[in-house]
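**Q** Sequence lines, in order, name chains S and F. Numbers 1040 to 1406, taken from my numbering, label the letters of the first sequence in order. Numbers 39 to 400, taken from my numbering, label the letters of the second sequence in order.
Don't take every hint at face value.
[Unchecked claim] For lysine-lysine, the following DSS-like pairs were computed, each having C-alpha atoms within a straight-line distance of at most 25 Å:
1. S:K1191 / S:K1067
2. F:K290 / F:K336
3. F:K290 / S:K1170
4. S:K1170 / S:K1147
5. S:K1369 / S:K1207
6. S:K1172 / F:K290
7. S:K1113 / F:K290
8. F:K391 / S:K1172
9. S:K1170 / F:K391
10. F:K199 / S:K1113
11. S:K1390 / S:K1342
12. F:K201 / S:K1057
13. S:K1292 / S:K1243
14. S:K1105 / S:K1046
15. S:K1170 / S:K1141
Honestly, the hints are just simulated from the structure, not real lab data. Owing to the predicted nature of the structure, the values given are computational and were not obtained by experimental measurement.
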Amino acid sequence: MAEVRLKDIVKVYDGGVKAVDNVNIDIKDEEFVVLVGPSGCGKSTTLRMVAGLEDITDGELTIDGKRMNEEAPKDRDIAMVFQNYALYPHMSVRDNMAFGLKIRKYAKEEIESRVAEAAGILEIEELLDRKPKALSGGQRQRVAVGRAIVRKPKVFLFDEPLSNLDAKLRVQMRTEISALHTRLQATMIYVTHDQVEAMTMGDKIVVMKGGVIQQIGSPLSLYNEPINQFVASFIGSPAMNTVSAKVREEGGKIIVDEGGFVITAPADKEEGLRPYIGKDVLMGIRPEDVTVDANATQAAYIKGTIEVVEPLGDETILYISTADHQIVCKVEPTAMVKVGDELTLTPNVDKIKFFDIETEKSIFYRG
Amino acid sequence: MLTDLINRPSENKFFTVILAIFTVAILIGGFFLLQQMQSVKVVMTIFAVVWGVGSAALLYFTMNSIAQSLPRKFRSVSVAIVFAGPAIILLFWALVLPTFRTLWFSFFDSTGSKFVGLKNYIFAFSDPVMLETFRNNLLWMFFGTSSCVILGLLIAVLADKSKYEKAFKSLIFMPMAISFVGAGVIWKFVYAYKGEGINLTEIGLLNAIVVGFGGTAQPWLLIPFWNNFFLIFIMVWLQTGYAMVIISSAIKAIPGELNEAAKVDGANAFTIFFRITVPYIMPTIITVTTTILIFSLKLFDVVRVMTGGNYGTNVIANEFYLRQFTYGNTGQASAIAIVLLVVIIPVLYYNLKEFRSRKVLK
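Given only the sequences and the hints, what does the whole structure look like? Please build it.
**A** Printed below as a string of structure tokens:
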């Protein structure tokens, strides 16, 4: 198994477009790292550079300490699962899985036993003699994963492998890939644009935007301590509400407010907010950090009118318009609310994030 | 507007009857008018085109309104007959009927009056001239087809990775625009041979090259056996472009991920070509191969123009032509035509089958 290091990796395409800028990632042995970000953020390009399918413009890629920049994909001891499965259509499932081993001139018995083992793990034994076109999307993806695991590579690379599956299957395959990681104890790099996949699967998440890494951390650290507004809104569903609000001092207390919002900053944040007095900050409130409360205190409340109610059963999503903003809240399904209701919400002030409006950086980020 | 007219079941029977009479009048009237017309050629041509196309459209329109005015039960069938019927009749008249007539004549003597049984077929399979044509057609089939396909495949694959792909492909494709007869004329100059004699200058391109390198001019088209290959080369020159274009489009349709998956799996360019690219485009290669195979089986023009089938270069189609139009032996010519047809049918069937299954895949 292997450690993968990306050091100052840069990718500039022929036209001069910089797709990846100065990416540094340390991936430990047996770690499951997820690269996540919106489309065009450079996550796939980064993965493809690790695979050797794209040239590295600058920087150094090492696997187990060995420089890999110039090595061909076949010499990097990696396996890759592609978004569109990329199964060889003219070969049976068995041959698809055996292809890489045959090329590497493994003994016949070894190939057979490895294919059988992988097929067992993925429960696709009965599909081995079928052609890919006779398989469903989920089955194809299993075969694609199977083709990767028979090789027993140092590093597994996944390029949005679940994005072509339907929602239910995606959830199922998600857990299966996680289980596979536990079972194989292999280093895996996984690219997705879906933050839920990132949160549920990754040991470590790398959030990217515009070719630049925004933040690297565990799922919960990204959720609790986002470095900037982008990460804060990207992680979590529904996305964090961000509203700009004015900071002022009143009776020794720091108050951040804006039509409909009044938040008295908690004591530990007063110091940090003091320089912003008289200016605007971005306030980030997660939908789940708000409760419907008729007896809201004067210290912190949000007033607004319900525009849309989405009862999901286990929770209810409210779309609320305040004087100047639209916010989303997640409330208990028992909350008796209906469209048009005026209501007062109580935010959990300790969980509110404050961002500098210019740099969009979190004011209280503790790296 | 027009579709409204076409789709609307004509409620007005009266209108349909009037339309039908009008159509017949236009058809017959135009015909007689054209017959009696004593005008400038250009005017007559324009009239003929306008009348021809217009009355065909009018005929369809009228037939459709009649079909639409029928009771609902018969409507779908009659509409199908209206639209597919003329084509079927034409096919039958121009293709099916002649085939059976040819089959019929192949059992008769040279004038088509006396029944001779299988005599013409015995000739077709035993006459030394015929055996030579069979041998030559086999050469055409095997070397012509395989050269076209292999060259087309190679060029398609190599050009695919090149910056100048379009320019290369255009160059290779260009001869496709030349007719076989035209190509024959061009290559007659390439293979031209003046012979030995005082003050004779070789004007053939090939001989110019040979002489330029210090060789002796050769009568290329007279060299027994090998002259077949010089002729086959002309077809290769003409048809490689076709093979290349079709194969190239199939190669472009291979998903990029497939090659990348193979690269990650450890395949080199060679392995990818033979284990991924070729199997992936196999249906296309088969279709191209069978198409060119049919071409080389019925090949006629090149041989006709270049050697007239002499010097051991005769092919089936040319012998058929000679028997029918030069020797006036309808019986033998018909038998040859039937033999050629029987040979082509399986290839054609396979070709169509492949073509259809490929469509289903897409």
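**Q** For each hint, tell me whether it holds in the structure or not.
**A** Evaluated hints:
no. : hint              : in the structure
1   : S:K1191 / S:K1067 : 17 Å, holds
2   : F:K290 / F:K336   : 31 Å, violated
3   : F:K290 / S:K1170  : 22 Å, holds
4   : S:K1170 / S:K1147 : 21 Å, holds
5   : S:K1369 / S:K1207 : 23 Å, holds
6   : S:K1172 / F:K290  : 20 Å, holds
7   : S:K1113 / F:K290  : 24 Å, holds
8   : F:K391 / S:K1172  : 20 Å, holds
9   : S:K1170 / F:K391  : 21 Å, holds
10  : F:K199 / S:K1113  : 20 Å, holds
11  : S:K1390 / S:K1342 : 18 Å, holds
12  : F:K201 / S:K1057  : 23 Å, holds
13  : S:K1292 / S:K1243 : 38 Å, violated
14  : S:K1105 / S:K1046 : 13 Å, holds
15  : S:K1170 / S:K1141 : 18 Å, holds
Checked against the numbered hints above, the structure violates hints 2 and 13; every other hint is satisfied.
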